[in-house]
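S.K.: Please model the entire structure based on the sequences and the hints provided.
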Amino acid sequence: MIILGIETSCDETGIAIYDSLNGLICEYTYSQKIHYFYGGTVPELASNDHLKKIFKLIFFTLKIKKILLRDIDLISYTIGPGLKNSLFIGIIVSKALSFALGIPSLGVNHLKAHITISFLFNKKITFPSLVLFLSGAHTFLIEMNDFDNFFILGETLDDSIGETFDKIARCLKIIPSNGKSLEFFSRKNFLFSNLGYFNSCYSSSNLNFSFSGIKSSVIRYISKLKIITFNDKCNVSYNFQTTLIRLICNKCLNLFLSKKYKCLLLSGGVASNFYLRKALKNYSYIFNVTFCTQPIKYCTDNGAMISFLGCFYFNKNIFDKNFNIIVKPNIRLNL
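FYI, the numbering for the sequence shown is 0 to 334, going by numbering that gives the first Met the number 0.
Derived from the structure by calculation, the hints contain no laboratory data. Misleading hints may appear alongside valid ones.
What the hints assert, rightly or not - What follows is a set of in silico ranges between Cβ atoms, one per label pair, in the way DEER data are often shown:
1) 65 with 145: 28 to 38 Å
2) 72 with 223: 19 to 29 Å
3) 209 with 125: 27 to 37 Å
4) 209 with 67: 47 to 57 Å
5) 63 with 289: 25 to 35 Å
Unchecked claim - Listed next, the in silico DSSO-like pairs over lysine-lysine satisfying Cα-Cα at most 30 Å (straight line):
6) 65 with 32
7) 94 with 320
8) 315 with 280
9) 277 with 122
10) 51 with 327
11) 62 with 32
12) 261 with 123
13) 55 with 166
14) 259 with 277
15) 51 with 320
16) 315 with 123
17) 62 with 296
18) 261 with 315
19) 166 with 51
20) 32 with 83
21) 179 with 280
22) 280 with 123
23) 166 with 122
24) 280 with 296
25) 296 with 327
26) 65 with 55
27) 277 with 32
What you are looking at is a predicted structure, and each value in this text was computed from that prediction instead of being measured. We treat Cβ as the ideally placed atom computed from N, Cα and C, and that holds for glycine.
M.R.: Next comes the structure, spelled out in structure tokens:
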């Protein structure tokens with residue numbers, strides 16, 4: 000089976016071809032740059048850019064391995080969660096191709112796809128596994144007892160971790176205002192002891208997350224700076240990032256002490272953070288837990304994860320029964 004995966008949940012247009020026998024054979028992800036100076040993704044701009052680029056990207060990806068449209072057996076697309084209009088572009092293109100080619104299509108859960116892509120790169124994942132899902136819009140602690148069996152242990156009560164990183168980057172006037180840029184400044188290793196927003200939040204035994212208090216404290220500190228210097232950016236980035244990593248590691252520590260997990264699986268866009276990966280890997284080693292994640296390029300949105308999960312469901316004879324256009328921008332992980 001050859002599966003075409005289409006991902007358009009936010010501001011990346013991801014296209015991939017997955018072969019059930021040979022694995023991932025080609026993929027391409029186009030990241031929209033037009034949002035950098037707006038301080039966040041603009042939904043209307045995102046959907047318009049998807050519409051302009053999606054067919055070109057599909058045919059470009061097929062051309063890489065000289066695959067024809069008639070060779071495709073299934074079209075797998077993101078049904079949600081995400082931006083409604085961006086999702087709509089991917090869904091309607093998938094349905095149109097499905098109808099024209101006379102092949103089935105399948106809508107998959109974006110969150111599940113982010114988690115299960117790790118199975119493509121890790122053969123040692125066993126259950127029960129503890130999943131830490133961190134992205135621009137979601138923050139979850141999950142117990143995973145099978146490939147498609149998730150139980151949410153904790154989640155954010157306010158902002159997601161990705162949103163928090165982006166907000167602090169904007170306040171520091173870092174462009175582009177995202178977690179990757181903030182991580183770059185944190186690597187300069189400026190560390191002052193008087194920032195005042197290190198607190199006892201990361202000692203809480205509660206499995207839910209709350210980032211609003213930390214975010215507000217950091218913003219208040221930044222607002223008192225008359226001029227934000229390069230050293231200030233490095234200083235705040237380092238301390239802020241260290242605070243969040245300690246918070247996250249403490250949640251995992253509490254769970255490692257209470258139950259025997261075989262794997263710790265890190266997923267989502269924030270999983271690309273070098274310091275977070277290193278810290279969690281060290282904690283996992285101490286507790287004899289296998290640490291698993293995906294290559295950094297597959298942490299962010301991509302078509303590979305959509306095609307891979309689509310193959311799993313198609314093997315179980317699960318696919319769309321009609322050509323109805325259904326968008327689920329607020330779908331939950333366990334649905």
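S.K.: Confirm or reject each hint.
M.R.: Hints versus structure:
Checked against the hint of 28 to 38 Å, the C-beta distance between residue 65 and residue 145 comes to roughly 37 Å, which is consistent with it. For residue 72 paired with residue 223, a C-beta distance near 60 Å fails the hint of 19 to 29 Å. Evaluation of the 27 to 37 Å hint for residue 209 and residue 125 yields a pass: the beta carbon distance comes to about 31 Å. Distance hint for residue 209 and residue 67: a CB-CB separation of about 51 Å, consistent with the stated range 47 to 57 Å.
For residue 63 and residue 289, the Cβ-Cβ distance of about 33 Å falls inside the hinted range of 25 to 35 Å, so the restraint holds. As the CA atoms of residue 65 and residue 32 are separated by approximately 29 Å, the hinted pair is consistent with the 30 Å bound. Our distance criterion of 30 Å between C-alpha atoms is met by residue 94 and residue 320, whose separation comes to about 11 Å. Taking the CA atoms of residue 315 and residue 280, the gap is near 34 Å; set against the 30 Å cutoff, the hint is violated.
Taken as a hint, the residue 277 and residue 122 pair is honoured in the structure, with Cα atoms around 20 Å apart against an allowance of 30 Å. This hinted pair checks out: residue 51 and residue 327 have alpha carbons roughly 22 Å apart, not beyond 30 Å. A threshold of 30 Å between alpha carbons decides the hint, and for residue 62 with residue 32 the separation of about 24 Å falls inside it, so the pair holds. Our distance criterion of 30 Å between C-alpha atoms is met by residue 261 and residue 123, whose separation comes to about 10 Å.
The straight-line distance between the Cα atoms of residue 55 and residue 166 is roughly 33 Å, outside the 30 Å bound, and the hint therefore fails. Straight-line distance between C-alpha atoms of residue 259 and residue 277 comes to about 21 Å, which keeps the hinted pair within the 30 Å bound. At most 30 Å may separate the alpha-carbon atoms for a hinted pair to count; residue 51 and residue 320 meet this at roughly 28 Å. The hinted pair formed by residue 315 and residue 123 meets the criterion: a straight-line CA distance of about 23 Å does not exceed 30 Å.
Under the criterion of a C-alpha separation no larger than 30 Å, the hint pairing residue 62 with residue 296 is consistent with the structure, at around 21 Å. Our distance criterion of 30 Å between C-alpha atoms is met by residue 261 and residue 315, whose separation comes to about 26 Å. Distance restraint check for residue 166 and residue 51: the Cα-Cα separation of roughly 29 Å lies within the 30 Å cut-off, and the hinted pair is therefore satisfied. Distance check on the hinted pair: residue 32 and residue 83 sit about 20 Å apart at the alpha-carbon level, within 30 Å; holds.
With a C-alpha separation of about 20 Å, the suggested pair residue 179 and residue 280 falls inside the 30 Å cut-off, and the hint holds. Using a Cα cut-off of 30 Å, the hinted pair residue 280 and residue 123 holds, with the two alpha carbons roughly 15 Å apart. Proximity of residue 166 to residue 122 is assessed by CA-CA distance (about 36 Å); at most 30 Å being required, the pair is judged violated. At most 30 Å may separate the alpha-carbon atoms for a hinted pair to count; residue 280 and residue 296 meet this at roughly 19 Å.
Restraint check for residue 296 and residue 327: the C-alpha separation of about 26 Å stays at or below 30 Å, so the hint holds. For the hint linking residue 65 to residue 55, the alpha-carbon distance of about 15 Å falls within 30 Å, and the restraint holds. About 29 Å separates the Cα atoms of residue 277 and residue 32, which keeps this hinted pair within 30 Å; it holds.
Hints 2, 8, 13, 23 from the list above are not met by this structure, while the remaining hints are.
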